Amino acid sequence: MSAPPKPVPLTTVESTETSDSGAQTLTLSVGPQHSGSGHMRLIVEVDGDIIVNVAPDPGYVHRGIEKIIELRNIIKSIPVIERPSIIDSSNLNHAWVRSIEEIQGVEVPRRGQYLRTLLNEMNRIMSHLYWLSIYGVFLGHTTMFMWPLGDRELFIDMAEKLTGARITYSYLVPGGVRRDLPPGFAEEAVKRTEYFEKRLKEYDRIFFNNPLFTSRAKGIGVLSKEKAIELGCTGPTLRGSGVDADLRKDEPYAAYPELDFEVSTRPDGDSFSRAMVHMDEMRESCKIIRQIVKKIPAGPIRRKAPIVLPRGVAYGRVESARGECSFYLIGEGGDKPYRARYITGSYRNMAAIPAVLLGNRLADMPTAWWSIDYWPVEADR
Amino acid sequence: MSLSHEREDDLVQKLRENFPADIKETNIIRRGRLEVRVAPEKIKEVAVFLRDKLSFDHPNGVSAVDYNRENRFEIVYHISSMRIKEMRDLVLDLKESVPRNAPKVGSLVSVWSGVENYERESFEMFGIQFDGHPRLEKLFLTDNWDGPPPLRKDIRFPTD
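Those protein sequences? They're chains A and B, same order as listed. So the first sequence is numbered by the working numbering: it starts at 1 and just counts up by one. So the second sequence is numbered by the working numbering: it starts at 1 and just counts up by one.
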């Protein structure tokens, strides 16, 4: 890859330069006011309308969460940890409690594990729906903006019944979960997921099988399998490039070993593949939710866990909606961690942004960029 | 799931055989979690060996830790393998220590290009210099931040 373009001041259009080959290039600043969602800037150099250079410029929503966690009790940190991606909060929360439990040596009761998995999968659907609605905005498809946001309420309502909150639940705590299933939840979950699967078919008809979308997404923003691995990509971005890596299968945690689901992959590595992986995952998550409410064992939902973090080190990770979310946690015996390194799926996939954009036309940028499902707040932390 | 450490022991043995003087310390935390501490001047060779011979092709992240009481920084490369499906549950922590007053190490971007952003973050948050990094500039901090590297332990912020 050639050297990234120099940062440009915060205005829209910058200098024109003559490149070595004699061609005139133009450096554009895309963002940081969000063109779809999330505050970040891409510095894009174009030759005509072909993108010849891209440098992501994140940090506009950086909050120093790693420092905040170091200064706080491990329980008080739970709401902070959810903030980078409130649309996928329980998965991030899961990575945190998993690494704490690993150091503490606490086993979570099976019912607690099932409830965690239940909320994780509902969150995965909610997050993918949010992604899809923004994708609709990016591509100028207003229906695909309204429908997913509306259908997301199906799961938000269920999550509210289960946890008491709509978006940021702080539901997972070391040792288990906070609340048990409310009465009537199982029937409601079956009804809603079955309805939602019918809706997904309608999504296919209006959007994913629509030439307006396919002609803009197929073959655009190709990320090869080798490149995706080398760049450390994860989640749907990696699976869209044909790697069947999913921590729910590769390093089974919570209730996943006892559940039946498929890991969805697509071989092409283009924007369409990544979009379809998201769609497949929503279907699989519906299946998982129905299995959970059917199979959930009786018993306690939480085991007592100490509030201190003993001396030790853990690398706890889960498959969040945007890929692997991990904590490298170092405890030294107090109630605060010595170090809590927090790496999220979006941060990992940031490296893929230049790779999918280079060589494409500027007009294809929204399709290729948003297919990565890069959530700036989650990357900045 | 099996709890045996055979695979991890095997990896440690291979590394020790090939780099008898440079592997300072190894530690199997649990099945699938392995720590290897190497001499900073040899980390690149070990990294290339891990990538080419032991198929650790996927960089998962880089962490820097400030051990100010021991007057050193530790840089930890979390790496895993995607090519071999059976190894996907394994994360190897490749560690190196540098003195706190002269934090300068070699960059591993040429080995795993995906570590570029993580090394940049360690540079701005801890002030660690990565030799050979293609673009050692601030990543998340604002361009006009001229304070000390904020994640160092001696930097205090108001707490509750």
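For the record, the hints were derived by calculation from the structure and aren't laboratory data. Treat the hints loosely; a few may be bogus.
What the hints assert, rightly or not - Think about it this way: if two alpha-carbon atoms lie no more than 25 Å apart in a straight line, the pair counts; the simulated DSS-like pairs of lysine-lysine are:
id	chain 1	residue 1	chain 2	residue 2
1	A	K336	B	K85
2	A	K225	B	K153
3	B	K85	A	K225
4	A	K67	B	K153
5	A	K67	B	K53
None of these values were measured; they are calculated from a predicted model.
Results of checking the hints against the structure:
| no. | hint | in the structure |
| --- | --- | --- |
| 1 | A:K336 - B:K85 | violated, 36 Å |
| 2 | A:K225 - B:K153 | violated, 39 Å |
| 3 | B:K85 - A:K225 | holds, 14 Å |
| 4 | A:K67 - B:K153 | holds, 9 Å |
| 5 | A:K67 - B:K53 | violated, 37 Å |
Against the hints set out earlier in the document, violations occur for numbers 1, 2 and 5.
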